[in-house]
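Asks: Residues per chain, in single letters:
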Amino acid sequence: MTHRRTMLAGMLGVVFALVFIAGPVAAQNDQFFPLLVYRTGPYAPNGIPSANGFRDYYDMVNKRDGGVNGVKISWEECETSYDTKRGVECYEKLKARATVVHPFSTGITYQLIPKAAVDQVPLWSSGYGRTATADGTVFPWAFNAPTTYWAQASAVINYIAQQEGGMDKLKGKKIAHVYHNSPYGKEANPTLEVLAQKFGYELTLLAVDHPGQEQKATWLQIRRLRPDYIYMSSWGVMGQVAVKEAAAISFPMDHFIGNWWSASEAEVVPAGSAANGYKGATFNGAGPNWPVHQDILKHVYNGDQAKAKENNWGEVLYNRTLVGAMANLEAVRVAQKRYGNRVITGAEMRWGMDNLDITAARIKELGFDGMMRPLRITCADHEGSGPVLIQQWDGAKWNPVSDWIPVMRDVVRPMIEQSAMEYAKENNITPRKCE
Amino acid sequence: MELLIQVFVAPFLDMAGSPVFLLEVIINGLLTGVMYSLVALGFVLIFKASGVFNFAQGAMVLFAALTLVGLIERGVPGWLAIVISLGVMVALAYAVERWMLRPLVNQAPIILFMATIGLNFVLEGSGQIAWGSNVKELDIGIPDASFDVGGILLNEFDIYAALVAAILVAGLAVFFQKTAVGRALRAVADNHQAALAVGIPLKTIWIIVWSVAGAVALVAGIMWGAKSGVQFSLALIALKALPVLILGGFTSVPGAIIGGLIIGVGEKIAEVYWGPVIGGAIENWFAYMLALVFLMFRPQGLFGEVIIERV
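Chains R and P supply the protein sequences, listed in that same order. When the letters of the first sequence are read in order and numbered with numbering that gives the first Met the number 0, they come out as residues 0 to 434. When the letters of the second sequence are read in order and numbered with numbering that gives the first Met the number 0, they come out as residues 0 to 310.
Source of the hints: derived by calculation from the structure; they are not laboratory data. Misleading hints may appear alongside valid ones.
[Said to hold, decoys possible] To give a feel for the contact side, a few chain R residues facing chain P, derived at Cβ under 7 Å:
1. Ala43
2. Pro182
3. Ala206
4. Leu219
[Said to hold, decoys possible] A few chain R positions that, by computed beta-carbon distances, are all more than 10 Å from chain P:
5. Gly66
6. Val87
7. Gln220
8. Arg341
9. Gly345
10. Val410
[Stated by the list, open to error] Negatives, chain R to chain P, calculated, CB over 10 Å:
11. Thr39
12. Ile47
13. Ala95
14. Glu163
15. Pro189
16. Leu202
17. Glu213
18. Lys215
19. Thr217
20. Arg223
21. Asp303
22. Arg332
23. Arg337
24. Ala346
25. Asp356
In this text, all values refer to a predicted model and were calculated from it rather than measured experimentally. All residues carry an ideal CB built from backbone N, CA and C; glycine is no exception.
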């Protein structure tokens, strides 16, 4: 009898989980967005704000506007734990009605690129993934706007040059790249090497193995090397530990610059005061003081600011996925203009993304004024070469400390096209023609 | 030829050229090794007393630290939170004995090992459900400043961690060698049935040993959590303890300490001097390689008991 009760309780638990945890169930007349999230596992501190940003924006648009041109938005979360195998399973499970998929992991993106082209599902790895997918002629189904790891590395070098008083001052400087030993972490290396040859700085590459909880050896090497600047590509616990280790060896924190996945609250809050002065790249403004946040506060949280903050409202990664969700819906609108105000398919969404042009006026209208730069994607350019902002942690919040820094498109774009052509050759892909 | 020089000559010249830096690498390796030992101790305790390799030890570290920081976040004073967390770990030990170990008495060790894999998932999941998966700051008041001693940079936190580990090991050594319960634990480890025959209560002993392992997990969770924030990756610390156990032996408390120190120094020297030659990030696999080399010569580890079975 007890055994039967236990089984009954277990079954009820499963039913509860299926009904209440999965999120709004997709109906056939909804515009459906699969969300590959990681709310558990070693990278959850980064995954939770990212997932909440998407969810809250879609929820807000449904409540405020009734959806997009009368079409309700639906979504379903699938837990990947930032594990590539589970990410692919989630994609397979949810791809049937997918409008667009954000893989939220460079490893998952690499696996999905060939699959998405067959399934006709657009992939959007916004600021991550395979950099070469910026070439839309070879990768018609993959997008990485508004900017890429390679572009980011060039912008950071640009920023360092600004700090030093010009590009010519880079000669002889020592720059170390401390990176997560994964496809993601290694992405910036080729660009940094090319720029080191071009500008004459001395580059040292220092890999840190997953998860990065212990990295004393790396920081002993930094202490001996005494670099002028450190650029970091971390993820998860690696970032917090690195920030503390840098402070422990008294490295000047304003010369320590994280990439945009290494500069959120998850990196600095656990490090405490050691993180003060740490800098990071970003392609979206931080904080909750933007009009779109007020709409979310009103429509999603009924004005309850404490509850909103519990859900990462205004944090760096939350804001980044707000921008991603908004850009998704703008692409849906573009597609609807061509195909009609109805649910659009993955193939139609791709057309919308290929023709996406989010102007400054439209950004203002949507409540994102100042939080992001205008974005234009074309058939050939799936990146948009968006500029990069440098922000600095003051112990309580991230503050911008630079203007929007242009990327070195003259250096990066030829590298992207060359890499894309190599991929096309290896995979027998005939690049499409773009007018 | 150039590669051979880089591998077999250059690192040694580098060490000889800057001995102070070499000393700094060694000292930092020792201090890191102590932190690995803290985690390895939990494994040793359970293996020593029950012959079970507890796959869930890393998850116990996470669970204990999450419980502590979760209580502190809800306004419970630090000392009380530690006491309650200890209570939770004792309750966990009771639950493990009642619902996991007792039904599996007399089963093969591999069955018990499989059960601890299940326990690992239960603890990881329940810890995150109860306390969330977000990273949490844990400030226990230990200073974190660095200071220079003759050109060698040392960190106060690392030194305190070494002291905590030393106290813990001394306490455990006294517990095992000088108390009746400790002797009973060792008797159970040697032979379950013989221990039962002389009146040692097996169930109570299991609860005690899992409780002590839970307390060690709490200490490890506090020290690692204060270093990197309390979050899921604490559970992965167990991976760092495995080569320590292989090297030091699964049944020896001093072995866990000596093993930790050797692994700590070995991996730091390998990463700093040989890492740049072969692309870096070698310390994780180097620790396992070092342990495997020891395994070839001493399968029981440095201090492990030699197992002789009649066949």
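Asks: The structure should be examined with respect to each hint, and the outcome stated for every one.
Replies: Here's how the hints hold up against the structure:
1. The restraint placing alanine 43 of chain R at the interface with chain P holds, with a minimum CB-CB distance near 4 Å, inside the 7 Å limit.
2. Annotation: interface hint on proline 182 of chain R violated; nearest CB of chain P at approximately 13 Å, more than 7 Å.
3. With a least beta-carbon distance of about 4 Å to chain P, the hint placing alanine 206 of chain R at the interface is held under the 7 Å criterion.
4. This hint holds: leucine 219 of chain R has a C-beta 6 Å from the nearest C-beta of chain P, less than the 7 Å allowed.
5. Residue-level check passed: glycine 66 of chain R sits 30 Å from the nearest beta carbon of chain P, beyond 10 Å.
6. At roughly 21 Å, the least C-beta separation between valine 87 of chain R and chain P is larger than 10 Å, which holds for a residue marked as non-interface.
7. The claim that glutamine 220 of chain R is not at the interface with chain P is violated, since a C-beta of that chain comes within 10 Å of its own (minimum 6 Å).
8. No beta-carbon of chain P is positioned within 10 Å of the beta-carbon of arginine 341 of chain R; the least distance is around 38 Å.
9. Non-interface status of glycine 345 of chain R relative to chain P is upheld: no Cβ of that chain comes within 10 Å, the nearest being about 31 Å off.
10. With 10 Å as the threshold on Cβ separation, the claim that valine 410 of chain R sits away from chain P holds: the shortest Cβ distance comes to roughly 25 Å.
11. With a cut of 10 Å on Cβ distances, threonine 39 of chain R falls inside the contact zone with chain P, its closest approach being about 5 Å.
12. Once the 10 Å rule is applied to beta carbons, isoleucine 47 of chain R is inconsistent with being away from chain P; the minimum gap is 6 Å.
13. With a least beta-carbon separation of about 29 Å from chain P, alanine 95 of chain R lies farther than 10 Å from that chain, consistent with its non-interface assignment.
14. Every CB of chain P is more than 10 Å from the CB of glutamate 163 of chain R (nearest about 26 Å), matching its label as outside the interface.
15. No Cβ of chain P approaches the Cβ of proline 189 of chain R within 10 Å, the least distance being about 15 Å, so the stated non-interface status holds.
16. Non-interface call for leucine 202 of chain R relative to chain P: holds, since the shortest CB-CB distance, roughly 13 Å, exceeds 10 Å.
17. Here glutamate 213 of chain R does not stay apart from chain P, with its beta-carbon only about 6 Å from theirs, under the 10 Å limit.
18. Remark: the non-interface label on lysine 215 of chain R conflicts with the geometry, its nearest Cβ contact in chain P lying 5 Å away (cut-off 10 Å).
19. For threonine 217 of chain R, the shortest C-beta to C-beta distance to chain P comes to about 7 Å, within the 10 Å cut-off, and the non-interface label is violated.
20. For arginine 223 of chain R, the condition that its CB be more than 10 Å from all CB atoms of chain P is violated, with the nearest at approximately 6 Å.
21. Even its closest Cβ contact with chain P, about 18 Å, leaves aspartate 303 of chain R beyond 10 Å, as expected for a residue assigned away from the interface.
22. Listed as outside the interface, arginine 332 of chain R is consistent with that label: its C-beta sits roughly 34 Å from the nearest C-beta of chain P, beyond the 10 Å cut-off.
23. At roughly 41 Å, the least C-beta separation between arginine 337 of chain R and chain P is larger than 10 Å, which holds for a residue marked as non-interface.
24. The Cβ of alanine 346 of chain R sits about 36 Å from the closest Cβ of chain P, beyond the 10 Å cut-off, so the non-interface label holds.
25. Annotated as non-interface, aspartate 356 of chain R keeps its C-beta farther than 10 Å from every C-beta of chain P; the closest such distance is 37 Å.
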